Amino acid sequence: MKIAAILRQVPDVVEELVIAEDGQSLDETEVMYITNELDENALEQALILKGRHDAQVTAYGVGGDEARDALATSVAKGADEAVFIPLEFKDRGDSHKLAAHLVNVLKEGGYNLVLTGVQATDEVDYGLGGLLAANLSWSYIGGLAAVEIDPSGSKAVVKKEYPGGRLGLMEVTLPAILGMQASEQPPRYVPVSKVMQTKKTLQVKEVKTPAPETTGVHIKKLLKPEVGAKAEMIEGDEEKIATTIANLLKERGLL
Amino acid sequence: MNPDILVVAEHMKGELSDITLEMLACGRELADATSSGLTCVTLTNNASPFKSLPLTVNQSIIIENPALESFNPETYSKILSHLIKELSPRLVLLGHTGIGMDIAGALSISLGAPVIGNCVNIKVEDKKLLFSSKLYGGKLTAQSEIEEGLSIGLLMPGSYPKEGGMRNDVPQVDIKSSPVSLDGIKIQFKELLEPEVGDIDITKNPVLIGAGRGVQNANNIKTLEELATLLGGAVCATRPVIDQGWLPRTRQVGRSGMIVKPRLYMALGVSGAPEHVEGMKDSDLIIAVNTDPSAPIFEVAHYGATIDMQDLIPILTEKIKELKGGA
Numbered sequence: 001m002k003i004a005a006i007l008r009q010v011p012d013v014v015e016e017l018v019i020a021e022d023g024q025s026l027d028e029t030e031v032m033y034i035t036n037e038l039d040e041n042a043l044e045q046a047l048i049l050k051g052r053h054d055a056q057v058t059a060y061g062v063g064g065d066e067a068r069d070a071l072a073t074s075v076a077k078g079a080d081e082a083v084f085i086p087l088e089f090k091d092r093g094d095s096h097k098l099a100a101h102l103v104n105v106l107k108e109g110g111y112n113l114v115l116t117g118v119q120a121t122d123e124v125d126y127g128l129g130g131l132l133a134a135n136l137s138w139s140y141i142g143g144l145a146a147v148e149i150d151p152s153g154s155k156a157v158v159k160k161e162y163p164g165g166r167l168g169l170m171e172v173t174l175p176a177i178l179g180m181q182a183s184e185q186p187p188r189y190v191p192v193s194k195v196m197q198t199k200k201t202l203q204v205k206e207v208k209t210p211a212p213e214t215t216g217v218h219i220k221k222l223l224k225p226e227v228g229a230k231a232e233m234i235e236g237d238e239e240k241i242a243t244t245i246a247n248l249l250k251e252r253g254l255l
Numbered sequence: 001m002n003p004d005i006l007v008v009a010e011h012m013k014g015e016l017s018d019i020t021l022e023m024l025a026c027g028r029e030l031a032d033a034t035s036s037g038l039t040c041v042t043l044t045n046n047a048s049p050f051k052s053l054p055l056t057v058n059q060s061i062i063i064e065n066p067a068l069e070s071f072n073p074e075t076y077s078k079i080l081s082h083l084i085k086e087l088s089p090r091l092v093l094l095g096h097t098g099i100g101m102d103i104a105g106a107l108s109i110s111l112g113a114p115v116i117g118n119c120v121n122i123k124v125e126d127k128k129l130l131f132s133s134k135l136y137g138g139k140l141t142a143q144s145e146i147e148e149g150l151s152i153g154l155l156m157p158g159s160y161p162k163e164g165g166m167r168n169d170v171p172q173v174d175i176k177s178s179p180v181s182l183d184g185i186k187i188q189f190k191e192l193l194e195p196e197v198g199d200i201d202i203t204k205n206p207v208l209i210g211a212g213r214g215v216q217n218a219n220n221i222k223t224l225e226e227l228a229t230l231l232g233g234a235v236c237a238t239r240p241v242i243d244q245g246w247l248p249r250t251r252q253v254g255r256s257g258m259i260v261k262p263r264l265y266m267a268l269g270v271s272g273a274p275e276h277v278e279g280m281k282d283s284d285l286i287i288a289v290n291t292d293p294s295a296p297i298f299e300v301a302h303y304g305a306t307i308d309m310q311d312l313i314p315i316l317t318e319k320i321k322e323l324k325g326g327a
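First to last, the sequence lines map onto chains A and B.
So the first sequence is residues 1 to 255, counted in the working numbering.
So the second sequence is residues 1 to 327, counted in the working numbering.
Honestly, the hints are just simulated from the structure, not real lab data.
Treat the numbers as computed from the prediction; the structure is a model and nothing was measured.
Glycine residues also receive a C-beta, built at the ideal position from the N, C-alpha and C atoms.
Accuracy of the hints is not assured; some may be wrong.
On the chain A side, residues computed to face chain B include the following (Cβ under 7 Å) [what the hints assert, rightly or not]:
#1 V195
#2 P225
#3 E232
#4 E238
#5 I245
I would like the entire structure built from these sequences, with the hints used as guidance.
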């Protein structure tokens, strides 16, 4: 059983996002990167399956050089192989381009299963998993919270999240691409010391693919919301804010 | 008239989901602005519940087939790809939901059409479609343009009023069988698992204290529980808090959790990611506390404060105790 997990580097939204002078993109020099959170779930699910089925897991790091750190962390967590797909800044967040970059690499890898986050925070278009599956003529299903492989290794039984806390139990013939919303357990922790140790001996395969032409989407403008566009902001120190909120609740008959 | 705008309906247990009506409201605005038609396509194993609905469309197409008893991305993609090629619309609207997200990629490739996700508004400017969509967890809005040809938009739930999807009379309805063979499908729906019954039904609670990532650790949940108990409410949470195992899954608010409409929703350390906002935006009173002044939660909250919730909660709890004591 061969499993691939795609790890996209995306801007950390906890940091301030600075719009570039062109008004259409982020200022590259100000961006701090993290691995797309749902892709972390995809890696975790891949590692859970590795534990159950003695599978081989390949982590694909996509983006700038930061992706190499994510790959070191993935191997420290238990991935068997690390592949770096460099992607120019202007091409990130374009899932159609990313899918076109990845499709041949994945085809050659001979995987039974490719796991990816169901979405990324920087996607303007949508649908890396579905796009890859359509290009490979594989099945795709996303919004998943759990994956099991049947004993024959030919099918996966997945739990898809539905509104209201419901779960749909589905069976998918392999090979398939699965879009993970969650993983069966939170992404495992790996100490920094272990990541540093891994880095010393890490073999990262780098695959450069030519930038594909795609029917992408053209961003005209990036806009920040007006601060407190709707909310009436309560100013002051914690004492004043607490008093204002408590009085507000009393006025509304909530106490 | 060409069905220039095509909406793919979502439904569950014989009822159209709110997102369907919201997409129709968006589609109606666009159809009116461009003097074009609006078509709704519903895929089901039983057309009866859907054939007499007063939807604001020029035409309603229902594809009826036993294989459509439950949503299946493969059957949906096969049928819709065929139908969209035949009808040749300018815009296909899908929900930015578990259904729309599952079929967008396949339709994009088979139809050669660009996709825009997380849409909150779509309008026509200079004869071009202009899409406003949320990026980076809702912290920025992108305005994107599609010049010509077919495009696919994924509409975020709650972006348009669902009332706009209805009208007073029933439109023309065509009930058809599947235009393509559904043999050899590689995905099979097995069963729908209902959520486990939790200790508290947060959908019935009048006061909810919503814990976001800013809660930082499981111990701090206890402080929020004290505040919730004082207000006769319960603590619920965003997905990251639930995924950490700090609260049971029955307390999750948002796209894949519960939709809540309490009298008071106090969002503490909640950034306001679109997936969470979907579940609580209709609360009567929303008070948000977050250190980040650009947090999108302040776009839906009625009142907000940019302060560390850890500093605020003990003092707020004391103030409320004082006011309740003096009542």
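Status of the hints after comparison with the structure:
For A/V195, the interface hint is violated, since its Cβ never comes within 7 Å of a Cβ in chain B; the closest pair sits about 21 Å apart. About 5 Å separates the beta-carbon of A/P225 from the nearest beta-carbon of chain B, less than 7 Å, and the hint is met. The restraint placing A/E232 at the interface with chain B holds, with a minimum CB-CB distance near 5 Å, inside the 7 Å limit. Nearest Cβ of chain B to the Cβ of A/E238: about 5 Å, under the 7 Å cut. The hint holds.
Contact between A/I245 and chain B, as hinted, is supported at the beta carbon level, the nearest pair being about 6 Å apart and thus within 7 Å.
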